[in-house]
Structure formats: structure tokens, C-alpha cells
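Colleague: For chain D, the structure is supplied; the task is to place chains G, W and E on it using the hints.
4 protein chains.
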Amino acid sequence: MSDEISQLLGKEFKCLDKGFVRLVDVMGDDHAIVQAARVSYGSGTKKVHEDRGLIRYLLRHLHTTPFEMVEFKFHVKLPIFVARQWIRHRTANVNEYSGRYSEMKDEFYVPDISQIRVQSTSNKQGRAEQAFPPDEAVAIGKMMENSQSASYAEYQQLLEKDLAREIARINLPVSNYTEWYWKIDLHNLFHFLKLRIDPHAQYEIQVYAHAMGEIARAVVPHAYEAFEDYILHSTKFSRLELKALSSMLHKVELTEEYLSQFGLKGREAREFIDKYDLKIKD
Amino acid sequence: MSDEISQLLGKEFKCLDKGFVRLVDVMGDDHAIVQAARVSYGSGTKKVHEDRGLIRYLLRHLHTTPFEMVEFKFHVKLPIFVARQWIRHRTANVNEYSGRYSEMKDEFYVPDISQIRVQSTSNKQGRAEQAFPPDEAVAIGKMMENSQSASYAEYQQLLEKDLAREIARINLPVSNYTEWYWKIDLHNLFHFLKLRIDPHAQYEIQVYAHAMGEIARAVVPHAYEAFEDYILHSTKFSRLELKALSSMLHKVELTEEYLSQFGLKGREAREFIDKYDLKIKD
Amino acid sequence: MSDEISQLLGKEFKCLDKGFVRLVDVMGDDHAIVQAARVSYGSGTKKVHEDRGLIRYLLRHLHTTPFEMVEFKFHVKLPIFVARQWIRHRTANVNEYSGRYSEMKDEFYVPDISQIRVQSTSNKQGRAEQAFPPDEAVAIGKMMENSQSASYAEYQQLLEKDLAREIARINLPVSNYTEWYWKIDLHNLFHFLKLRIDPHAQYEIQVYAHAMGEIARAVVPHAYEAFEDYILHSTKFSRLELKALSSMLHKVELTEEYLSQFGLKGREAREFIDKYDLKIKD
Amino acid sequence: MSDEISQLLGKEFKCLDKGFVRLVDVMGDDHAIVQAARVSYGSGTKKVHEDRGLIRYLLRHLHTTPFEMVEFKFHVKLPIFVARQWIRHRTANVNEYSGRYSEMKDEFYVPDISQIRVQSTSNKQGRAEQAFPPDEAVAIGKMMENSQSASYAEYQQLLEKDLAREIARINLPVSNYTEWYWKIDLHNLFHFLKLRIDPHAQYEIQVYAHAMGEIARAVVPHAYEAFEDYILHSTKFSRLELKALSSMLHKVELTEEYLSQFGLKGREAREFIDKYDLKIKD
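Chains as they are written, first to last, in the numbering used here: chain D, 1 to 282; chain G, 1 to 282; chain W, 1 to 282; chain E, 1 to 282.
Hint data in this document are derived by calculation from the structure and do not stem from the laboratory.
Listed below are the simulated BS3-like cross-link pairs for lysine-lysine, each with C-alpha atoms no more than 27 Å apart in a straight line:
1) W:Lys-194 x D:Lys-243
2) G:Lys-275 x E:Lys-236
3) G:Lys-275 x G:Lys-265
4) G:Lys-142 x D:Lys-105
5) D:Lys-194 x W:Lys-236
6) G:Lys-194 x E:Lys-194
Stretches of chain E that chain G covers, calculated by requiring three or more beta carbons in the stretch to come under 8 Å of a beta carbon on chain G:
7) 226-233
8) 239-245
9) 261-271
Bear in mind the structure is a predicted one, so any value in this text is a computation, not a measurement.
Yeah, the Cβ is synthetic: ideal placement off N, Cα and C, and Gly gets one too.
If we strip away everything but chain D, and leave its shape as in the complex, we get (with noise of 0.2 Å):
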């Protein structure tokens, strides 16, 4: 492990306010999914492409496995709402804090008044742009942690009477914080922030996401600009959508130096090139 990822490790990532990401160990770097997909192509990829290159190459045409080889094991502290959303990604490892054996402890979320904000009316699962007032918004925050202090007190009391921890946790709200070890593959962590950076994800697991990014960024900086090149700020067109593009596009004379100041170059070019010809144009 280099020194770099060392001194990550067991850093917090503050998130929300009083979450964390934490990364507890990782196992590989850009240099094991070069070295499994080596062993997948055999002598046949050798020294055909450098590092960066290959996971590119990688990436761009799903070939998912070698970067299944980099495993990442993180600490998080997150409210039981962000934890229900996050616990339906299933290819991962999960401990999480148990109430039946431990006492939850005195710490609720509370939205911070820019979130705390009207529902959408284009978007049926989120919220709006639009804030409330700031004294309403105020407010509204004050009347949650009236209430999480309210339902903590209750809790509380119903220890005192010796009821049962499994019972007596019922009525802790979702906003409660839970822990969890999380440990996961490269291949799904990607999947992960595909999804839970989205903007239709909630701000509040949006919150995580992003910090594990920057984690994952730190660790596999070559597949992590993979991952945005090609996942994270590509768009998908239908059968349908590619007809209207077609439409729209000047006959414009696709030759490498034309697309070299994108960024597109070699065999990324002349991959293009296909796509136009194949998809586009016909």
C-alpha cells in the first residue's frame, strides 16, 4: 500500500451533520486490475497497452471483472433512512451497529435549512429547488429535533423500566444514526456512485456517495477517471434517440484530427467513427 492511501486510512469524511466516511483498509490499487486482466488475456495484451490505457480499454467496453479484484472495507456513520436506501445494493459485506445488543445512541439528523425544501412537482420522488423562507425553514427544523429529543426521552425511560432493548428501540425515528462496516468490490462501488450520485438519489445518501468518490479517486485514480469518462458523465441514447441525432448532425468529415481536440484519440477515435457510421447514420 503506498504511503498516499496509508495516511487515508481512518481519516473521517465528515458527511451530513454528524455522519462520516471512514476507509478502514482497501485491497489492490489501478495496478491489480491491470494485473488480473493480464491474466484473463494472456500473453495477448502484453505491453499492447501501458496501465492507464488497459483500464481504460477496460471499462469502455465492460469488460467489469479485473476491477471486481480492488476491494474497499469502509466505517460509516449514516441516519437509518440513508442506510435503508444504501442496504438494497447487495453485492457488499454489512455490520452494522445492533440495537438488540447495544444501546442507539442520542444522535438524530437534522437537515440543514438550504434542505430543507418543498416537493418537486416535476420530480415525484424529491424535493424542490425552492427553500422555504428561512424562518420557516427554521422552524421546521426546530419541530424535528423537538421531536428526536422527545422520542430519545421515551427511549430512555423505557430502559430505565428494564423493557427490552429490541422493543423498547421501536420508536426511534429514522433519523437516527446507525455504523456500519461496508465492504465492497471496485465493480459494485461503481455501480454504487453511478446511481447514489445521481441527482434523483437523495441529497442525503448524494452526501456519501461523494465522499466515497473522492476516496475511491484517491486510491485508483485511473479507473476512477475511467468511471467518469465513461460511466458517470456518459449518456446512454436510445434506438430511437440515436434516429433523432442522426437528423441533427452536419456531415462533418470524421478524421482523427478532427476528433484529437476532443480528447478522442487512436483507438477511442476510431471507435467513434463506428459508432457514428454503424449507429448514427444508417
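Modeller: Frame of chain D, contents of chains G, W and E only:
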């Protein structure tokens, strides 16, 4: 699909105070297990076993892949804290009601007074056998209900202000009911049932496990009987325990006749003798 | 199950020279996808979409969990080298014929002479378009057949000596046919089809993918159409390619009328305009 | 990573005549299991258990998620027929050498004459204890080698004609060696080892399982010891068998002193008494 199973479809099995399990659809039955096994073993197993015998043989010997060939789809209504334990079983498909898209309903789990019990001292994660005095239990139940009503009233108030649903719901407690479709194969259902029928599982999830167990028994009676005999009611003895057992055993002449009084016959009796000889007595 | 689908059950779709795919059982149809989605979205989606529209919306927006609610069970006869590629799709259930329990059969894949082709120079993993001269191809095919016969004769000879089946079979070639039951949900089937209908997949597995695609089309016509539009015949453009595309686009006034000539209507047209504005033109 | 484990990295453990297992990388050790468990159980378990005791407790009680927090990456060279059994363990990551990209090598598994044995009559899937007479075994081995040489010579001939690699290789036998990177967590590795160290597994995969078992023992000595005690060398008794056992037991006064002679102490002794009382004697 047999008439009997068709009649089971859609039937609500009540769980807890407001929840249920319903079988929405099922693929396969006992015969589908046999059919898949015969593909694996080819002519090797033809006619040697009748269906029940083959199913029992397969499960006893951990040949579990044919059990994956039967698939169940359930519709379940359950409190969020039960859902959080349930979802840890990753080899399943889930579609859950979304508090981002839709309003959460005014339905919360309130434990029956028989379940309002003190913390267990022997089992750090559970409740004791000992209930509270009835009037105290009633008071605790009432306190819980009041707190749920207050949470829901606040939720309604926030929605009326047009606060985004995805934020408004964060102070709803984990006793709130949610719903999902849950689809799983029989092998993984058995694994779920084994862990969740277990007395160490939280009582509230045991209730659902028992309901699904009854449904599974109706759909795959032979497989379910084998599950009870070889998994649910089996006991594993460790290397050390086997030595202890050995020292405590009478030197009985282990004839098939002797064993048949316990229901151990034929191959199953011979397998027992092998275990006894190889593991217990050496 | 509809009559149409019932009639499909058990029907052999021939693949390659001696293989097949048969649909053994299926759980769910287009409506099962809608049914599961409506549980997720609650009253939020009621009546807004008719079934086809909702299915297309779900797939376009990567809301893939409802597609996991449909399950297919296939019986497949296939050469071992195809099975070795196929099994890499892990999210499926498999029961394969066992060469330890039973004798392998005297059935081997011999490529049609149209498939006996030279190594591709552009595609390191595939064959070129260019076939061998017919007489040379025939000779190669014959040579392959002879070698298969010799292997099988030796296998028989070893079995006659009573050599254990699990050892005797180790010199049978990967062209030998095997059989399995393979069960998978629709979401994961789509993923399989996308990768294996692709022209970069080995021809021999493409044949099976096409057969299963036809079966899926019959069982879930709306979902399959959406799969073709949004996944199979879609094209993804990278961050760099989007810039190149942008520079090549005529400044067309993107009205809904203009887009409707390509089949892009309503929400789908507006989504295209969003992609065009946000990703292409900035 | 400890020095001891660092020295293990890359070391070849020979398997069969030409294969090997090498540990390429590992994340975590015994302490990582404890660390994850303590997150789950919170202050509840602090100081109650030392590491070894906690690990044993966890495995004995099927609290397996902390074992998923340790990850192994192996480089393995193995015959294709072994790879076909191995790959059935789906919860792992794999990058295999590709016969489409690269030439298969002239390396084939030839069983040692001690393994050239007759078909078992009691075990339909395996070989008997009984070997062939030495000269006959030698003759069979020689016959196998000749057939492998002939297959490889034909493969070379086809490649020289420039037949596409992906077709030319289809008549290579399943005794041909392949290579892969295989990454798996400790919980799933234990499951693999349990099934593949078992005497009913094919001998050739047992060899690899034993090699990986030795590596795991070096990396996680406490966890491996617990695996041997509670899983590998444990025996499960069915409901019927428990009744039979019960009738055969001396009525011994089960004191902790009596049990300590078998290594059963403290909590583990009390658990045994519970099993004895609840399951055996009623």
C-alpha cells in the same frame, strides 16, 4: 399449479397486529426439485429413488442446487425494524413501498402486552420470558401508541406545509409499517427460515418466518418435511462435543432393527452407523 | 399463464448442430412488472401510466428491481466451452448434468463450415468475417469430427476397464455437449442477453442468446421491446464523445413536433431535449 | 500485514502434477473479524471476550457476517474440469485466462497412478479406494498422455492454418490447465472448503482446497481453528438421529468438570448441556 396451491395464492396470513404475508406467485413444487436433480445425475438416479426419498437424500447431503429451482413471491406488510433485519438476506429480489414517492400510512406496530417484557440477562440481544405486570405493560403499550400518534400528526403537519415527502418522513419511527414484494428461491428461503424461526431471532420476525414456513409446507410438503428433519430440528455437535458424546454412549449393538424404532431405515440408518463409528467412537 | 405462453413451454429451440433451449417454466409476465412497481411507488403512480408506458419508463430510468420479479427456467443443451462462458453470469441457479454420476454422451459440437473462419486481426478474441475456402473448411470440420470420435472411443475403452467415470472423462474435449437447468430473473436475463447477443461474444453463445431473446419476447413483449429500445440498440457516448457530437450538431429547434417523427413523444421527447441541452450543448 | 503473512504472498503451493495455488493479496486477519463484530455489538461485547473467544463464539452461533470482512485473492493454475466444479461457488470474483485471446498452453493433468482407480460401487460419483494393478495404471496414464499430445498437436496444426483461436480450442480436453485470479471472503471460503475438503468431493479439487486451507490457517489462525472445530469436524444429527442418540446415552451427570476433560469449558460447556437437555433427552 395444483388447485390447492392456486387457492393459497393471495390469501392473507395475519402477522403481528397489522401485518401480513401473502403468497403472490410460485414457480415449481416438490416435483420441480426432482426434475432438476435428475438432469444433474442423469440416468444415474433413475428409478433408484422415488420423489420423497430423493428429496430427502438431496437435502441430507447438502445437494442444495435443485432446491433453488423453486421460486416464491410474497407480498409482505411489516414494521420497518423487521424489514431491516429481513433485508440482510441478500439473495432475494425486493420491491418496497417508497416513502419518497408516496405518503407513509398511519399504521404502527404496538406489541401485544404478552410481548412487553424485560431485557433478558442471559441473552444480550433479546427479551426475557418474564412479562411486566399487566397494568405496567398496558401503560407501556399506551405510551408507545401515543408517541406514534404524535409522530404521525407531525408528519401530516409537515406534508401540509408542502415539505418534501423524503424529508418529512425522517422522524417516523421504525415501528411504522411498510410493504414489499419479496421473491426468493426455496434453498435461500430455508436458510432464512432456519435463522428466523430460531428462538434467538427477534420475536416479531419469527412470526413472519412461521407464516412463510406454513406456506412453504403447503407448496412443497416433502421438501419442507426434509427441511424440518435435517435442518430445522437437527443439532450440530462440534469436534469437542463429539468426544464428550462418545464417552457418554452405551455400547449398543447398532443394528438396522434397533435404529428402525427411531424412524432410521435403509440408507439413512447406514449413514447414522457411519457417523457413529467414524466420528463418535474414535 | 396465458395459453400462448403455455404452448411455448417445453418447445425445443434448436441451437447449433445438436443443442437446444427449452422454456421449462416461467413466473410472471409484463403485468407482474407493473404490479411490483406499483407496490414501490404506491398511489404515486396509479393511473398515470398504462402498463406499457410504465414498463418503458422503469427501464429507461434504471428502475430495474421490478424486472427481477419475473423468473425464467430454461433447459439447455450446449457444448462445454459455451457453458464455461455462460456460467460466468453468477446471478442464476444451475443444475448441470454430472460426468461424475453419469456417462457423458457421444455428442460433440462441429462448427458449420460457414463458421470455420480465420482469426480476426482487428478483434483479438474473435474470428474474421472471412471463411476458409469450402474444401479446406470441410477438411477442418472432418478433422475435428475424427478427433472427437477418437476421444469418445478412448473414453468408452476406459469405462470398460472400469476406470472411475470422474477420471475417464478428463480427456473429453470442451466441444462435448452437456445439459443444464438454468433459472434467472428478467433483469439478469437482459444483462446476459445484452452481453451475449453482442457481436463481440463468441458466435456459438450468441445463438443461444438469440433463442432466449425470442422466448423472452413472447413472454414479456412490452419489457422486451423496451429492452431493445433502451438497452440492446442504445449507444452510450462518453464525456469526450459528447463534446465531439455537440460540435457536429446542427442547431435544430428541438420541438416536440420535430422529435415525433422519430417516435419520441411526450415525456420521452422532453427527456431527449434535456439530454441535448444539458449534456450535448454545454 | 504481518511479516509472516507478507512472506506467504506469492509463494507457490504445488497442486496436482502441474498446478498451484498462490496467495496474491489478503485484506484483514483475525483482528479484522473482531473489529467488525464489535461494531455490530457495540459496547455490549466490550472486554467480555478476548479475540479468540469472540471469534469462536461468532462462528459457533452462525454470526458469519464478521467473517465476510476478510478477503483473499488467489492465483490458481488448475485443470478445466476442476475449474468447472470450482466456479459453481458464485460468491467470488474471477478473472480467467481466455482461450479466445491467447493460445492455450501444452499442459494437461495426468493423474498419478495412485489415483487411477476403479469406479466406486458405494459412491455413484466417485472412485473406489482400490487402485488398478500398477502396470495397468501405468498403461492407462500413458494412454491419457498420448491422447493429450495428439489433441494439442491438432490444436497447433489448426492454429497454423490460421483458424480462429476460439474455434481451434474446442477439441482440447478438460484436462487442459487454465489459470485464474479468484477472490473470495473468508465466510464463503469456509463454505468452499467445507464442501471441497469433504471426501465426497473429487480428489483433484480436494487437493486445492487443502492448499487454500493451509494458507487460511496461516492468515487467520483463530478463525481457522474455529472452522475446524465447529464446521469441518462437526457432525449434524437429524431429528430422528437425535432420538436414537438419546436412547444410547448413559445418564451421566453433566458437570462442567466432566466436560472439561473434552475441552468444553465455560459458555461452551453450558451450551453443550443445553443441547443435551433440550434436544437429546426429551
